[in-house]
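Undergrad: Protein chains in written order, with the numbering used here: chain Y, 1 to 438; chain D, 1 to 481.
Keep in mind the hints are simulated off the structure, nothing from the lab.
Some hints could be false.
In silico DSBU-like links for lysine-lysine, alpha-carbon gap of 30 Å or less [said to hold, decoys possible]:
| no. | chain 1 | residue 1 | chain 2 | residue 2 |
| --- | --- | --- | --- | --- |
| 1 | Y | Lys369 | D | Lys352 |
| 2 | D | Lys454 | Y | Lys333 |
| 3 | Y | Lys328 | D | Lys425 |
| 4 | D | Lys199 | D | Lys168 |
| 5 | Y | Lys333 | D | Lys77 |
| 6 | Y | Lys49 | D | Lys177 |
| 7 | Y | Lys43 | D | Lys177 |
| 8 | Y | Lys291 | Y | Lys337 |
| 9 | Y | Lys328 | Y | Lys43 |
| 10 | Y | Lys248 | D | Lys78 |
| 11 | Y | Lys424 | Y | Lys77 |
| 12 | D | Lys425 | Y | Lys369 |
| 13 | Y | Lys43 | D | Lys278 |
| 14 | Y | Lys328 | D | Lys168 |
| 15 | D | Lys443 | Y | Lys291 |
| 16 | Y | Lys158 | Y | Lys136 |
| 17 | D | Lys346 | Y | Lys43 |
| 18 | D | Lys168 | Y | Lys333 |
| 19 | D | Lys443 | Y | Lys49 |
| 20 | D | Lys352 | Y | Lys352 |
| 21 | D | Lys177 | Y | Lys333 |
| 22 | Y | Lys38 | D | Lys78 |
| 23 | D | Lys367 | Y | Lys333 |
| 24 | D | Lys346 | Y | Lys352 |
| 25 | Y | Lys49 | D | Lys168 |
| 26 | Y | Lys136 | Y | Lys164 |
| 27 | Y | Lys328 | D | Lys367 |
| 28 | Y | Lys369 | D | Lys367 |
| 29 | Y | Lys328 | D | Lys346 |
| 30 | Y | Lys43 | D | Lys470 |
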Amino acid sequence: MDLKDKLISSFMAFENNVDVEHPVHDVRTEAIKNFEKKGFPTKKEEAWKYTSLNSLQKIDFSIFPKEENALEYKDVKKYFLHEIDTYKIVFIDGIYSSYLSETTHDGVDICLMSAALTKPMYQPVIDVYFNKVASKDESLTTLNTAFSREGAYIYIPKNKMPRKPIEILHFATGNEASLMLQPRNLIIVEENAEVQIIERHQSLTGNEVLTNSVTEIFAAENGIVDYYKIQNDAPTASLIDNTYIDQKDKSVVRVHTFSFGGKLTRNNLNFYQNGEYIDSTMKGVTILGDKQHVDHHTLVHHIEPNCESHQDYKGIYGDSSTGVFNGKIIVDKIAQKTNAFQQNNNILVSDKATINTKPQLEIFADDVKCSHGCTIGQLDEDALFYLQTRGIPQKEARALLMYAFANNVLATVRIPELKTRINKLIANKLGVNLGFDL
Amino acid sequence: MAYTEEELKKELETKEYEYGFYTDIESDTLPVGLNEEIIIAISKKKDEPDWMTQWRLDAYRAWLEMEEPEWANVRYKKPDFQAISYYSAPNKKPKYNSLDEVDPELLETFKKLGISIDEQKKLAGVAVDIVMDSVSVATTFKKTLAEKGIIFCSISEAIQEHPELVKKYMGTVVPKKDNFYAALNSAVFSDGSFCYIPKGVKCPMELSTYFRINQAGTGQFERTLVIADEGSYVSYLEGCTAPSRDENQLHAAVVELIALDNAEIKYSTVQNWFPGDKEGKGGVFNFVTKRGLCEKNAKISWTQVETGSAVTWKYPSCVLKGDNSIGEFYSIAVTNNFQQADTGTKMVHLGKNTKSTIISKGISAGKSQNSYRGLVQINSRADNARNFSQCDSLLMGNECGAHTFPYIEAKNKSAQIEHEATTSKIGEDQIFYCNQRGIDTEKAIALIVNGFSKEVLNKLPMEFAVEAQKLLEISLEGSVG
Chain Y
1 MDLKDKLISS
11 FMAFENNVDV
21 EHPVHDVRTE
31 AIKNFEKKGF
41 PTKKEEAWKY
51 TSLNSLQKID
61 FSIFPKEENA
71 LEYKDVKKYF
81 LHEIDTYKIV
91 FIDGIYSSYL
101 SETTHDGVDI
111 CLMSAALTKP
121 MYQPVIDVYF
131 NKVASKDESL
141 TTLNTAFSRE
151 GAYIYIPKNK
161 MPRKPIEILH
171 FATGNEASLM
181 LQPRNLIIVE
191 ENAEVQIIER
201 HQSLTGNEVL
211 TNSVTEIFAA
221 ENGIVDYYKI
231 QNDAPTASLI
241 DNTYIDQKDK
251 SVVRVHTFSF
261 GGKLTRNNLN
271 FYQNGEYIDS
281 TMKGVTILGD
291 KQHVDHHTLV
301 HHIEPNCESH
311 QDYKGIYGDS
321 STGVFNGKII
331 VDKIAQKTNA
341 FQQNNNILVS
351 DKATINTKPQ
361 LEIFADDVKC
371 SHGCTIGQLD
381 EDALFYLQTR
391 GIPQKEARAL
401 LMYAFANNVL
411 ATVRIPELKT
421 RINKLIANKL
431 GVNLGFDL
Chain D
1 MAYTEEELKK
11 ELETKEYEYG
21 FYTDIESDTL
31 PVGLNEEIII
41 AISKKKDEPD
51 WMTQWRLDAY
61 RAWLEMEEPE
71 WANVRYKKPD
81 FQAISYYSAP
91 NKKPKYNSLD
101 EVDPELLETF
111 KKLGISIDEQ
121 KKLAGVAVDI
131 VMDSVSVATT
141 FKKTLAEKGI
151 IFCSISEAIQ
161 EHPELVKKYM
171 GTVVPKKDNF
181 YAALNSAVFS
191 DGSFCYIPKG
201 VKCPMELSTY
211 FRINQAGTGQ
221 FERTLVIADE
231 GSYVSYLEGC
241 TAPSRDENQL
251 HAAVVELIAL
261 DNAEIKYSTV
271 QNWFPGDKEG
281 KGGVFNFVTK
291 RGLCEKNAKI
301 SWTQVETGSA
311 VTWKYPSCVL
321 KGDNSIGEFY
331 SIAVTNNFQQ
341 ADTGTKMVHL
351 GKNTKSTIIS
361 KGISAGKSQN
371 SYRGLVQINS
381 RADNARNFSQ
391 CDSLLMGNEC
401 GAHTFPYIEA
411 KNKSAQIEHE
421 ATTSKIGEDQ
431 IFYCNQRGID
441 TEKAIALIVN
451 GFSKEVLNKL
461 PMEFAVEAQK
471 LLEISLEGSV
481 G
C-alpha cells in the first residue's frame with residue numbers, strides 16, 4: 001500500500017481518538033478530502049520541479065507511534081539551548097513529554113495544541129485563528145490539517161512578553177522502524193506583544209523519520225516575532241516544514257532558518273502582509289554535504305501599501321548535495337511604496353553538488369522598489385592566498401571565508417547564546433575549530 | 001535624438017497603428033484547416049523533394065501527440081488550428097530578375113513600410129529578403145553576395161538548390177519535435193530565409209529579412225536557417241509588421257542559427273506586429289522558437305526590440321556547446337494597452353570557459369503584462385562558465401504588471417553566475433528636472449525610456465537603432481496620465 005492510501009485509511013483510526021463532534025473536526029474532514037483528491041505533489045508541478053518525494057512514499061511509515069518512550073535529560077541536553085533558561089515544549093515520537101517540558105499559563109499561554117483543540121476555554125481563539133492562514137489547497141498542508149492534534153500552542157496577549165525564549169523540540173527515538181510525524185503549531189501574538197521561539201527536530205537513531213509540520217503565526221499590530229529554525233537532523237530524517245504568517249499593521253516578523261542536516265528538507269515559508277508598515281524578514285544559512293537536499297520556497301505577498309520585506313539566503317553546497325531556492329514576491333496593485341529585497345548567494349564546493357535557484361518577482365504596482373540578486377560563485381582566490389601568507393592553513397582559511405560569507409545572516413540573531421551555538425554548528429559543519437566566537 | 005520635435009509630434013498624432021494598411025494583391029491561399037493532405041499540398045506547391053515532405057509529415061504526426069503549452073504567464077483564447085489557412089502566396093509570382101518586374105502594388109507596400117528596395121539598394125547597402133505572407137518575393141544584392149560565396153535566399157529555394165546544406169543542418173538546433181509550435185512550424189512552414197556564410201568570409205553587409213502578415217486568416221510560419229561556417233561573420237536583421245485586423249493572427253516561426261568554430265552571428269530583431277487596438281481586440285499571437293548553437297570559440301548575439309503583438313512568447317536561446325563560446329542576449333520588450341509578453345532567453349553552458357550575458361529591459365504601460373523568463377544552466381562539465389544577467393523593469397501606471405521568472409541551475413563548482421533584477425517607475429524628480437529644463441512631460445518620458453533602454457539600443461545596427469527608438473516612443477504614446 002502506498003503512503004497516500006495508508007494515510008487516508010488511517011484517518012478513520014484517527015477519528016476514533018479525537019472528538020468528532022468538535023467544530024475543528026469539520027476542518028479536518030474537509031482537509032483529508034482535499035488531500036485525497038490531490039495526493040502527494042509530483043515533479044510535474046512547478047513548485048516541486050526540483051524536489052522529489054517519490055522515494056519517501058515508498059517507505060512504510062507508521063502514522064501513529066505504538067508505545068511511549070522516555071528520554072533522560074542528560075542524554076538530550078545538548079539539543080537544548082541549555083546555556084540559558086527557556087520555556088520548553090518537548091515531544092517524543094510525537095507525544096508530549098511533560099517530564100522534559102516547561103510550560104506556563106502565567107499571563108501568557110505556552111502549552112499544547114491538544115489542550116487548545118479540546119478545552120472549551122480556548123474555543124474562541126481556535127475559532128478565530130485555527131487553519132485561517134494555512135493553505136486549504138496545498139496538499140501537504142491539508143494532510144497536516146487532517147491529522148492535526150498535537151503541537152505547540154502559544155498565545156501572547158496584548159502588551160505582554162514571556163520572560164524567556166521558548167524552545168519547541170521534537171525527538172524521534174527510533175521506536176518504530178520508520179515514523180511519520182505531523183506536528184501542528186499555532187502562535188498568536190497580540191498587539192504590542194513579543195515572543196522569541198526556537199524550533200528543532202531531532203532524530204536520535206538511524207531509523208527513517210518524516211516530519212510534515214505546519215505552523216501558523218499571527219502577529220497583530222506592533223507585534224514582534226522572532227522565529228529560529230534549526231535543522232541539523234540525522235541523515236535519515238526528512239522534514240517538510242510549512243509556515244504561514246499573517247501580519248497586521250506595523251508588526252515585525254523575522255524567521256531564520258539554519259539548514260545543516262537531514263536527508264531531505266523542504267521549507268515553505270509564506271508571509272501575508274495584511275496591513276501597512278509591516279516588516280517581514282526571512283534569512284537562512286544552508287551548509288550541506290553528502291547527498292543532502294534542501295529546498296527553500298519563500299513567498300511574500302504584499303497586499304497593503306508601505307510595507308517592507310527582506311530576504312537573505314546563503315548556501316554552501318559540498319559533496320553530492322542539492323540546494324534549491326525559490327523566492328517569490330507578489331506586490332498587489334494597491335500595495336504602493338513597497339520595498340522588497342531578495343538576495344540569494346551560493347557557493348558550490350564540489351563538482352557533484354547542484355544548485356537550482358529561481359528568484360521570482362510578480363509586480364502589479366508601479367511605485368515600488370523591488371530588487372533581487374542571485375549569485376553562484378567560488379571563494380576569492382586572492383583572499384585565500386592572503387590568509388595563507390599570514391600563516392593560516394588552507395583548510396582554516398577556506399572555513400574562515402565561508403564563515404564570513406554566512407555571517408550576514410547571523411548578525412540579526414537576537415539571542416546571543418543561540419548565535420554562539422550556531423557559530424559552533426557552522427564551524428563543526430565546516431570541519432574546523434575557528435578558535436573564536438564572533 | 002535623430003529627428004526633430006515637429007516630426008515626433010506628427011508621428012504621435014497618428015496614434016493608430018501606422019503600418020495598418022492592407023495591400024490588395026491577389027493571393028493564392030490554400031483552404032483552411034490542417035491535415036496530412038494540406039501538408040502534402042504545401043510541399044507539392046513548393047516543388048519539394050520527397051525527403052522534405054516526409055520530414056514535414058513526421059513533424060505533423062508528432063505535433064498531433066503534443067499539447068499546447070500552458071506554463072507561460074499569458075492569457076489568451078487558444079487559436080483554432082483548423083480555422084487557419086496554412087499557405088498564402090502572392091498570386092502573381094514570376095521569378096524576378098530586376099525590380100522593374102515586381103508588381104508595382106507590392107513595391108508600393110514596401111514604400112509604405114519605409115523599406116523601399118531601390119532606395120535601400122543605393123543608400124543603406126542592405127540586402128533584403130522580403131517575406132510577405134510566408135513567401136519570399138524578392139531578394140536583393142544576391143549577386144554581390146554570390147561573388148563572396150555567400151548564399152542568401154529563401155528557404156524553399158535553398159531546399160531546391162542546396163539540399164545538402166538544408167538536410168545537414170535543418171532541425172539540428174530546434175528539432176522538429178522540440179515543442180508544440182516548433183512542431184507545427186516544421187510541418188507547415190511556407191517559407192523563410194536561408195543564409196550560408198562560407199569559411200573565413202566576413203559578410204560585407206547587413207543581411208535583412210522583412211516579414212509581413214497580409215492576408216486575413218492566415219498564419220505565418222516562416223523558418224530561418226543561418227549557418228556561419230568556420231571563422232565567418234554575419235550580421236542579420238529581421239523586422240516584422242502586420243496590417244491591423246480584428247481577429248488574432250497566428251505567427252509561429254522557427255529560427256535556427258549555427259555558428260561553427262570561430263564564427264560569429266549577430267541576429268537583431270525589431271518586432272512590430274499589430275498589437276491589437278486599445279480595447280485589446282485583435283493583434284498577432286507571436287509564438288516563436290529561436291535557438292543558436294555555438295561550436296568552439298563561436299559567438300552568437302541576439303538583440304531584440306519587441307513592441308508589437310498581442311501575445312508574445314519568445315525565448316531566443318544559445319546552446320554553448322564548444323569550449324570558449326559566447327552567448328549574448330539583449331532585449332527590450334515594451335507592452336502597452338492589453339499586450340502580454342512572456343519573453344527571455346535560455347543559456348545552456350556545455351563547453352568549458354563559456355560565457356553568457358543577458359540584459360533584458362521590460363517596460364509595461366496601460367493594462368499590459370510583461371514577464372521575463374530565463375534559464376541559465378551550467379552543466380557539470382562546463383568548467384569556468386560565466387554568466388551575468390540583469391533584468392530591469394519599468395512600470396508606467398498602476399494597472400500593468402511586471403514579472404520575472406529566472407531559473408538558474410548550476411552543476412559545476414567553478415561556475416560564476418550573477419543575476420540581478422530591479423523594478424521601478426520613472427522618478428518624479430527625474431521628470432521634474434526635465435520640466436525645469438523646458439522639456440515637457442511626454443518628451444521627458446521618451447528621454448528617460450531611451451536612457452533606460454540605451455544598453456540594448458546600442459547593440460542594434462545603426463539604421464535599426466533609429467527605427468527602434470521611434471517605435472519605443474510611439475508604443476508608449478498616451479501611456480502617461
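Undergrad: If a hint holds in the structure, say so; if it doesn't, say that too.
TA: Here is what the structure says about each hint:
no., hint, in the structure
1, Lys369/Y <-> Lys352/D, "violated, 37 Å"
2, Lys454/D <-> Lys333/Y, "holds, 28 Å"
3, Lys328/Y <-> Lys425/D, "holds, 20 Å"
4, Lys199/D <-> Lys168/D, "holds, 16 Å"
5, Lys333/Y <-> Lys77/D, "holds, 25 Å"
6, Lys49/Y <-> Lys177/D, "holds, 22 Å"
7, Lys43/Y <-> Lys177/D, "holds, 22 Å"
8, Lys291/Y <-> Lys337/Y, "violated, 43 Å"
9, Lys328/Y <-> Lys43/Y, "holds, 19 Å"
10, Lys248/Y <-> Lys78/D, "violated, 41 Å"
11, Lys424/Y <-> Lys77/Y, "holds, 16 Å"
12, Lys425/D <-> Lys369/Y, "holds, 8 Å"
13, Lys43/Y <-> Lys278/D, "violated, 40 Å"
14, Lys328/Y <-> Lys168/D, "violated, 44 Å"
15, Lys443/D <-> Lys291/Y, "violated, 58 Å"
16, Lys158/Y <-> Lys136/Y, "holds, 29 Å"
17, Lys346/D <-> Lys43/Y, "holds, 21 Å"
18, Lys168/D <-> Lys333/Y, "violated, 52 Å"
19, Lys443/D <-> Lys49/Y, "violated, 46 Å"
20, Lys352/D <-> Lys352/Y, "holds, 16 Å"
21, Lys177/D <-> Lys333/Y, "violated, 40 Å"
22, Lys38/Y <-> Lys78/D, "holds, 27 Å"
23, Lys367/D <-> Lys333/Y, "holds, 12 Å"
24, Lys346/D <-> Lys352/Y, "holds, 22 Å"
25, Lys49/Y <-> Lys168/D, "violated, 35 Å"
26, Lys136/Y <-> Lys164/Y, "violated, 33 Å"
27, Lys328/Y <-> Lys367/D, "holds, 22 Å"
28, Lys369/Y <-> Lys367/D, "holds, 20 Å"
29, Lys328/Y <-> Lys346/D, "holds, 20 Å"
30, Lys43/Y <-> Lys470/D, "violated, 45 Å"
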